[in-house]
Amino acid sequence: MTIYHMSCTAKMGPPTDPMAVVDPQLRVYGVQGLRVIDASIMPTITNGNIHAPVVMIAEKGADMIKELWLQNETPEQTGYWRSKRNVTNDDGDGYVSDVDSFKQDDNQPRPFRARSHS
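Using UniProt numbering, the letters of the sequence shown map in sequence onto residues 1 to 118.
No wet-lab data here; the hints were simulated from the structure.
A portion of the hints provided could be inaccurate.
[Claimed, not checked] Quick list of the computed label-pair ranges, beta carbon to beta carbon:
{"id": "1", "residue 1": "Q71", "residue 2": "M6", "range": "28 to 38 Å"}
{"id": "2", "residue 1": "E67", "residue 2": "P14", "range": "34 to 44 Å"}
{"id": "3", "residue 1": "Q71", "residue 2": "G48", "range": "20 to 30 Å"}
{"id": "4", "residue 1": "G33", "residue 2": "E59", "range": "14 to 24 Å"}
Where a beta carbon is used, it is the ideal one built from N, C-alpha and C, also for glycine.
Could you build all of it, start to finish, from the sequences and the hints given here?
Now the structure itself:
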């Protein structure tokens with residue numbers, strides 16, 4: 001361990017490694033619903049600054065969680081059906097959105113939206 005860049009305190013590794021704390025999906029062994037997504041999962045201390053590796057770990061962890069949510073998402077839960085095509089809306093104003101990649105199914109209830117009190 002180093003005093004400058006704390007890392008490697010919750011090592012990632014296979015289930016056969018007695019020192020491993022998290023699996024390759026960043027889930028803590030023996031604890032359901034808990035992930036560790038920071039520098040502590042690094043199995044060994046790096047020689048340089050850890051900023052870039054930590055950003056990469058965070059991006060990959062976020063992608064893993066989003067993929068899991070998308071696999072478990074159903075149209076009944078969201079009120080929306082995902083379109084088969086990946087369409088982006090670019091009106092030339094500098095903003096690109098994926099609003100067109102969703103379409104409302106008229107047979108499904110619309111999602112609840114809270115009203116603002118103004």
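Hints, verified against the model:
no.: 1; hint: Q71 with M6: 28 to 38 Å; result: holds, 33 Å
no.: 2; hint: E67 with P14: 34 to 44 Å; result: violated, 21 Å
no.: 3; hint: Q71 with G48: 20 to 30 Å; result: violated, 36 Å
no.: 4; hint: G33 with E59: 14 to 24 Å; result: holds, 21 Å
When held up to the earlier numbered hints, the structure conflicts with 2 and 3 and fits the remainder.
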